[in-house]
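Asks: Sequence:
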Amino acid sequence: MKIRIANLGWLLLVIGVTAVACNAAPAASDPIRQPTQTDDWYQIYFTNPTCPPEEAREGGIDEIIAQDLLEAQLRVDVAAFDLDAEPIVNALIDLADQGVGVRVVTDSDNADQSSIRRLRNAGISVVEDKRSALMHDKFVVIDGRIVWTGSLNYTTNGAYCNNNNAVRLDSPRLAANYIAEMDEMYDGRVFGPTSPVNTPNEQLVLDGIRLQNYFGPETELGPIIGAEIEQAQSEILFMAFSFTLDDIGEPILDKATAGVDVRGVFESSGATNQSSYYGDMEAFGLPNLAVRLDGNPRIMHHKVIIIDRETVILGSFNFSGNANDSNDENILIVRDPVFANYFVEEFTAVWDEAE
Numbered sequence: 262m263k264i265r266i267a268n269l270g271w272l273l274l275v276i277g278v279t280a281v282a283c284n285a286a287p288a289a290s291d292p293i294r295q296p297t298q299t300d301d302w303y304q305i306y307f308t309n310p311t312c313p314p315e316e317a318r319e320g321g322i323d324e325i326i327a328q329d330l331l332e333a334q335l336r337v338d339v340a341a342f343d344l345d346a347e348p349i350v351n352a353l354i355d356l357a358d359q360g361v362g363v364r365v366v367t368d369s370d371n372a373d374q375s376s377i378r379r380l381r382n383a384g385i386s387v388v389e390d391k392r393s394a395l396m397h398d399k400f401v402v403i404d405g406r407i408v409w410t411g412s413l414n415y416t417t418n419g420a421y422c423n424n425n426n427a428v429r430l431d432s433p434r435l436a437a438n439y440i441a442e443m444d445e446m447y448d449g450r451v452f453g454p455t456s457p458v459n460t461p462n463e464q465l466v467l468d469g470i471r472l473q474n475y476f477g478p479e480t481e482l483g484p485i486i487g488a489e490i491e492q493a494q495s496e497i498l499f500m501a502f503s504f505t506l507d508d509i510g511e512p513i514l515d516k517a518t519a520g521v522d523v524r525g526v527f528e529s530s531g532a533t534n535q536s537s538y539y540g541d542m543e544a545f546g547l548p549n550l551a552v553r554l555d556g557n558p559r560i561m562h563h564k565v566i567i568i569d570r571e572t573v574i575l576g577s578f579n580f581s582g583n584a585n586d587s588n589d590e591n592i593l594i595v596r597d598p599v600f601a602n603y604f605v606e607e608f609t610a611v612w613d614e615a616e
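FYI, the numbering for the sequence shown is 262 to 616, going by the numbering used here.
FYI, nobody ran anything at the bench for these hints, they're computed from the structure.
We put the CB at the ideal spot given by N, CA and C, even for glycine.
The following label-pair restraints were derived from C-beta to C-beta distances:
| # | residue 1 | residue 2 | range |
| --- | --- | --- | --- |
| 1 | 519 | 458 | 31 to 41 Å |
| 2 | 451 | 405 | 12 to 22 Å |
| 3 | 511 | 599 | 28 to 38 Å |
| 4 | 547 | 405 | 46 to 56 Å |
| 5 | 549 | 507 | 17 to 27 Å |
| 6 | 488 | 599 | 17 to 27 Å |
| 7 | 450 | 347 | 22 to 32 Å |
| 8 | 536 | 454 | 20 to 30 Å |
| 9 | 491 | 461 | 22 to 32 Å |
| 10 | 374 | 541 | 28 to 38 Å |
| 11 | 393 | 328 | 33 to 43 Å |
| 12 | 469 | 558 | 38 to 48 Å |
| 13 | 314 | 614 | 17 to 27 Å |
| 14 | 444 | 549 | 43 to 53 Å |
Kindly produce the complete structure, drawing on both the sequences and the hints.
Replies: In structure tokens, the structure reads:
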């Protein structure tokens, strides 16, 4: 396998070989918290949202994704709720100029911005969902084997101002799931709950690690997540941009009542809404249940649940009724304590910054 090395300031990333993560904490100006790499088939990234002036935004995850895109030989698929990160837009245009197939799907609410017009002017067909609900996915597929997914919108604010996660996974079987979803949206123009449930590999084992991969709203994701929460034995940690969904909130409260330790960080901008679970949990009155409002003056955009420091649930899915019933979304469930530990470290950083 070809080895590619990207040297971005403090970041030294080796893709395609097993490597050990650097233990040094990032400087305040670094746009990525320390990268992780624990196996040759996945890498995990978390933003360090210092939100510098736009002219100083460099060295972020948007550049890493763009560099990965530029390695494509055959085709790239991009499903992006929002897309304005210039390195990614430029990479897609360069690929199209080289004859690489480029498919892009976006949400109609964000389809009239200059970045999308640039793609279309370059001859790239961009499909919109054309409905009031959201095409909320954030994923990339490269040459039918590399998948990027997570909470990260492919925007400059997503990369430099908001707390986000992005995972890169090398698996043709996993990629086949995302390609099937892209085929529905791009070729079939099918969005929302009428989409077929046709994910070819919902359950996978990669190097001994079990993964589950689901797409909504054709599959209701809230009950799937709730069932995972019901298996918790000792601890539940979560970071939530939006949290109003009973399918997730009620099992967490039940587990707290049963003695499971629960800690959670809510994005502050929506947490005081009457429908948010922040108020319910903050007033629940159990010593083993603690919640905080995030400390990022911009957006804490994670949608992550960590169960017993072994199972991680991540993806585009906000814990809300609209996400469950109407929006196009995806989640990954990964069962591995090493993988989970990196999300625990991110949770700890976000928790310590919260109040």
